[in-house]
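S.K.: Sequence:
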Amino acid sequence: IDDPLIFLPIISVHLLIFSSWIAWRSHLKNKQLPLEEQSGSIDWKYLIHTLKIMIIPKLIGVFGLLTLPNSVMSVIILVIVSVYSIGYILNKPFKSNRPWVDNLFLVLGGYVSGTSLIAAPLVIAVYSAHVARNQLRETMFVLWFILVTIKMISFVIAGVDLQLIHQLWLFPSVLVGHFMGERLHSYMVRADARVFYRVLGAVMLLISLIGISRMFFA
12 IDDPLIFLPI ISVHLLIFSS WIAWRSHLKN KQLPLEEQSG SIDWKYLIHT LKIMIIPKLI
72 GVFGLLTLPN SVMSVIILVI VSVYSIGYIL NKPFKSNRPW VDNLFLVLGG YVSGTSLIAA
132 PLVIAVYSAH VARNQLRETM FVLWFILVTI KMISFVIAGV DLQLIHQLWL FPSVLVGHFM
192 GERLHSYMVR ADARVFYRVL GAVMLLISLI GISRMFFA
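In our numbering, the protein residues as written are 12 to 229.
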């Protein structure tokens, strides 16, 4: 069924549950450390900075104003993400010396996150250049929680079916996937930084190429 309103509520609720769990576990773990060692696994400073940039475009996207065709937006984002990912694979990650470039990508990511599901690769590409790799996953989860909460509120106001029964059936699978993802993430964080970014780049490039091919050969 090619209808985002069927799948978005399911994904959104699962994400709210697990992102809350991750943020709470991170908080408890940080509190157990000596005071001088407490830093946490969430980059709150960069998170708040980017939210200030993304919030208005996010609201515009949610309310469907100034919407571009989904296919055009998808191609733009996937091409940008491909450029990022090739840089990571070659161990020469793109890092802008001009903050406005990253801000432009964040504005675009905020807008698209309000209209569809395709903003994640673009936002992750920007975050991975500014957030320490041991903080990247948890920081992204908190960002998704905030952005998804805005979208869920709009679903409730619009009377969208939240597919609660399907969420219950799918929850065990999501739980297994969550724990598998945690183990993979822990392994990658312990690995050499070049390996981490090359794997990240390879996954981003693969997703982008699949997305672009589906656009042109569907």
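Keep in mind that the hints were calculated from the coordinates and are not lab data.
Just to be clear, a hint being listed does not mean it is correct.
[Said to hold, decoys possible] Pairs of lysine-lysine, BS3-like flavour, derived with a Cα cap of 25 Å: (1) LYS162 / LYS56; (2) LYS40 / LYS56; (3) LYS63 / LYS162; (4) LYS56 / LYS42.
[What the hints assert, rightly or not] Quick list of simulated restraints, FRET-style, between CB atoms: (5) PHE74 / LEU195: 32 to 42 Å; (6) HIS189 / TRP55: 16 to 26 Å; (7) LEU101 / LEU173: 35 to 45 Å; (8) VAL200 / PHE228: 32 to 42 Å; (9) VAL187 / LYS40: 19 to 29 Å; (10) ASN145 / TRP32: 15 to 25 Å; (11) VAL171 / LYS40: 13 to 23 Å.
Where a beta carbon is used, it is the ideal one built from N, C-alpha and C, also for glycine.
S.K.: Give a verdict on every hint.
M.R.: Hints and how they fare:
Of the supplied pair hints, the one linking LYS162 and LYS56 holds, its CA atoms being roughly 23 Å apart against a limit of 25 Å. Annotation: proposed proximity of LYS40 to LYS56 holds, straight-line Cα distance about 19 Å (limit 25 Å). As the CA atoms of LYS63 and LYS162 are separated by approximately 17 Å, the hinted pair is consistent with the 25 Å bound. Of the supplied pair hints, the one linking LYS56 and LYS42 holds, its CA atoms being roughly 18 Å apart against a limit of 25 Å.
Checked against the hint of 32 to 42 Å, the pair PHE74 and LEU195 passes, with Cβ atoms roughly 37 Å apart. A hinted range of 16 to 26 Å holds for the C-beta pair HIS189 and TRP55, which are about 23 Å apart. For LEU101 and LEU173, the hinted distance range of 35 to 45 Å is satisfied, since their beta carbons lie about 43 Å from each other. Taken as a hint, the range 32 to 42 Å holds for the pair VAL200 and PHE228, whose Cβ atoms sit roughly 36 Å apart.
For VAL187 and LYS40, the Cβ-Cβ distance of about 22 Å falls inside the hinted range of 19 to 29 Å, so the restraint holds. For ASN145 and TRP32, the hinted distance range of 15 to 25 Å is satisfied, since their beta carbons lie about 18 Å from each other. The hint said 13 to 23 Å for the Cβ distance between VAL171 and LYS40, and at roughly 36 Å that hint is violated.
When the structure is compared with the earlier hints, a violation turns up for hint 11 alone.
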